[in-house]
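Enquirer: As a plain string of letters, each chain reads:
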Amino acid sequence: MNEPARRLTVIVLLLFLALMGAASWIQVINADDLNQDPRNVRTLYREYGNFRGPIVVDGEAVVWSTPSDDSFNYQRTYADGPLFASASGFYSIVYGRSGLEQTENELLSGNADELFWTRLGNLFSGEQQQGAAVETTLKGSLQQVAAEQLGDRAGAVVALDPETGAILAMVTSPTYDPTVLASHDTGEVNSAYEELLAREDGPLINRAIGGDTYPPGSTFKLVVSAAALEAGYTPDTQLYAPQELELPGTTATIGNYGGEACAADGHMSLQDALRISCNTAFADLGMTLGWGVLERKAEAFGWGEPLDIPLPVTASRLPEDPNESQVAMSSIGQYDVRATPLQMAMVAAAIGNDGTLMTPYLVDTVRAPDLKVISTTEPEVMRESMTRADSDDLQDMMVEVVSNGSGRAAAISGVEVAGKTGTAETGRDTPPHAWFVSFAPAEDPVVALAVIVEESAGQTGSTGGSLAAPIAKAVMQEALRLDAEGDL
Amino acid sequence: MATVAELEVRAGRRAELGLLTVAWSIIVLSRALVDYHADFLVLSTLGWYALGAAVLMVACHIILRRYAPQADPVLLPAVFALNGVGLAMIRRIDFAYAQYRGRDTDFGTAQIGWSIAGVVLAMVVILIIRDHRKLRRFTYTAGIVGLVLYLLPLVPGLGVEINGARIWISVLGRSLQPGEFAKIAMVVFFAGYLVTNRDTLALAGPKFLGLRFPRPRDMGPLLVVWAAALLLMVYERDLGASLLFFGIFLGMLYVATQRISWVITGLALFAVGAVAAGVIFPHVRARYDGWLHALDPEVYSSGTSYQLVGGLFGMASGGLFGTGLGEGRPDLVPYAESDFIIASLGEELGLTGLMAILALYLIIVQRAFRMSIGVRDGFGKLLAAGLGFALALQVFIVVGGVTRVIPLTGLTTPWLAYGGSSMLANWIVVGLLLRISDQARRSSQEVGP
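Chains as they are written, first to last, in the working numbering: chain A, 3 to 490; chain Z, 362 to 810.
Wrong hints could be hidden among the right ones.
Unchecked claim - Have a look at the derived ranges for each label pair, beta carbon to beta carbon: (1) Z:470 <-> A:8: 38 to 44 Å; (2) A:196 <-> Z:405: 53 to 59 Å; (3) Z:416 <-> A:115: 47 to 53 Å; (4) A:115 <-> Z:375: 35 to 41 Å; (5) Z:629 <-> A:97: 49 to 55 Å; (6) Z:402 <-> A:122: 20 to 26 Å; (7) A:12 <-> Z:374: 26 to 32 Å; (8) A:12 <-> Z:505: 31 to 37 Å; (9) A:12 <-> Z:576: 25 to 31 Å; (10) A:70 <-> Z:653: 37 to 43 Å.
Claimed, not checked - Residues from chain Z shown here face chain A by an in silico Cβ test under 7 Å; the list is partial: (11) 616; (12) 654; (13) 673; (14) 674; (15) 682; (16) 685; (17) 721; (18) 724; (19) 767.
I should point out that these hints are in silico values taken from the structure, not numbers from a laboratory. Even glycine gets a Cβ: it sits at the ideal position worked out from N, Cα and C.
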């Protein structure tokens, strides 16, 4: 009976090898799949069980975690939730993450490679894993002013530091409060999210950087002007500016705002055309320059390139292979030209920064729980959008717009402000969007920004100059105040 | 008659003492870790725990020195280590239930009581049964006792159905799993029966495909056991016990007769029974579905594979090295302290911990087979092999169920899982194995008549 007993031992060994193989399959080989299975609440609990790092504005946490008594251990808390939602995003047990909560998740949760040594230290000291703090470039008061100015109108404001590309303000309206989505009551979260999703004005969309991009309207004339200056035009070069311009190959015509004539004799300088935002002059200029020139210049300002700031930014679009009349329409920022408010702020910033476009960024510094700096964003040149000489000319032209043209509402006494209005048609029956892009002080700007107020009809004025410019003015004033106090 | 060269076998009691010290460290350290992570570390309590374990171990050691001096030195430390890891894990799960579920359980303390009772019972076995061959006298008594124990849960008023399986009986307000004890009785019965009838079963029979198959008239016992196994499966809804019961018989039949044809016949019969049960009985089919299509959303959402998949998720989150004791979420799996303790251990101790546990079992089983080879009487050989194989098969069925090697069944993990019956029964097995090993390792002169 010894021989079969020996054989039985071998069979037992094989049975155990099968068990060990299965355990290896589950715990190592197939573990990633199992851990990522949406039904696996453990991954969720473990992530939520960590002490997540805060999101910081102006040196103070605006998003942080507090201990809670339930299975999740921590509750995500948002101070001024609606104000910073455009940057922070939400952190939900049901719907996952968005915004910085999503893009900086590895750092906030403490799982990033950069935090390896911190984790190792925690392991030995027995302390719980802690996430890093993400310090944003936002200025709280600027964000506040921009949001107050927009009020309950739909639109967006983006303010940049032209020299570095740091995003000083990023406001989208309407907004939402991430606090409700961070609740640990699943039912509550579900109904709140469904409600937000069902709303027609789309509060979950970050209009500043994504969603449906906007036709830039007359603010696009800045790009056309830059292209003209590069092509050898000067601010004084006379342009053809009829009361109505026939669109080649169609029966349609382009007119000016209110159907007015730009100039008595049908001719005006480039500078004046920009100052009063003359449509016929720019449409003709665009056709004269040719699409290739315009396209290249627009790309030099960032069109066509998606960005990660680190939030994903929708690429601003240009029409493909437009015909003559479409080029004419595109030259005044209509037809298939689309831009995010961030893109338009980048145009202003590049012009203000002597033609150099800096890569926009939202995260300034990331700090480990022990306050050691893990990473700091170094300002980076994204493009040389135009030459210094050309940008000087364009700056002067934009100063004229504010001091003496369509953008007077943005004028600030004692400071030279450079700006450009825009009133973008969105369709025959829908009211236009009001734009304003600007920077100040014109000589050495501390802030460059873009404002858009959606479908502005029915409101007083309803042009970029009357509606968006005052918002820009308030934001610029706050930026100048901060700068004077040395906070910018 | 051939002369047998006498091998000087070292008693190994000193080695055992050394190994017991290692097991003691595992027992005390694992509990200390659990308490520390739960912020519940009270040094005096831990001290009593450590002292209690030490006293128990030293008592065992002294009893073995005096009453079974040649007993296997590895068995006892290995079982103590497993038991200690189980105690720590169950206590850990108590804490997890309290922390996350608001459940006030004290499985850990109850299990300490069962463990002590188990160790005492093992020693009683050693003291009472001075020679395992005496058990052969009780062959048929054991057979009847085993059958009765298996069938007890079916008695109306006595049997209790828990979670769809009718394998418990209620005695004085406590629920017992008589099947755990029946297992031992059946091994004793099979050993006695087979050692008497092995010649008939082994030699006669027609040849087919080069294998000598049993004569139909000798098939009686096999068919009876097969029928009993099916009965278990159908009426008590206990797939695990049924598989274990039949598997033990087949394994022992093979050891007794050395004929693979018996195993083939038996496996074929079992396959027929298992497939038929799957076709006929919905609860069996549900088990199969939950096993084959565990991750299928439909099966999962019907709840059939919820526990199994929960265990898989837990083990996956443990990965190679585990989350660490006190850092996982074993409470997310139903019955984390009993049926799914392997998944809980896999989660918190990782694949490394699980491998170590399986290796401990393998050592214990391998020691049992070594006794079987070493002991001189046929009954002892069959008894040791049967007990060892029963243990191996039980571990395979329960761990295989949790790791999706075979369909999930409701067996307990020996010495690890929470549960009194299982703890007592498996310590009795330890006592029996120690007794047999004492005989196996003695030189023939010393063996009494």
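Enquirer: Does residue 616 (chain Z) hold up as a contact with chain A if the rule is Cβ-Cβ below 7 Å?
Expert: Result: holds, 5 Å to nearest chain A Cβ.
Enquirer: Less than 7 Å between beta-carbons is the criterion; does residue 767 (chain Z) satisfy it with respect to chain A?
Expert: violated (9 Å)
Enquirer: Does the closest beta carbon of chain A sit nearer than 7 Å to the beta carbon of residue 654 (chain Z)?
Expert: Cβ of residue 654 (chain Z) sits 14 Å from chain A, so the hint is violated.
Enquirer: Is 31 to 37 Å respected by the C-beta to C-beta distance linking residue 12 (chain A) and residue 505 (chain Z)?
Expert: holds (34 Å)
Enquirer: Could you check if residue 724 (chain Z) really has its C-beta closer than 7 Å to a C-beta on chain A?
Expert: violated (11 Å)
Enquirer: Would you check whether residue 673 (chain Z) satisfies its interface hint, that is, whether its CB is within less than 7 Å of any CB in chain A?
Expert: With a closest approach of 6 Å, the residue 673 (chain Z) hint holds.
Enquirer: Take a look at whether the Cβ-Cβ distance between residue 12 (chain A) and residue 374 (chain Z) falls inside 26 to 32 Å.
Expert: holds (30 Å)
Enquirer: Could you check if residue 674 (chain Z) really has its C-beta closer than 7 Å to a C-beta on chain A?
Expert: For residue 674 (chain Z), the interface hint holds, since the closest Cβ of chain A sits about 4 Å away, which is under 7 Å.
Enquirer: Do the beta carbons of residue 196 (chain A) and residue 405 (chain Z) sit within 53 to 59 Å of each other?
Expert: holds (55 Å)
Enquirer: Regarding residue 629 (chain Z) and residue 97 (chain A), is the given constraint of 49 to 55 Å on their beta-carbon distance met?
Expert: holds (54 Å)
Enquirer: Hint says 35 to 41 Å; check whether the CB-CB distance for residue 115 (chain A) and residue 375 (chain Z) agrees.
Expert: Violated, at about 51 Å.
Enquirer: Is the gap between the beta carbons of residue 470 (chain Z) and residue 8 (chain A) within 38 to 44 Å?
Expert: holds (43 Å)
Hints 4, 12, 15, 16, 17, 18, 19 from the earlier list are contradicted by this structure; the remaining hints agree with it.
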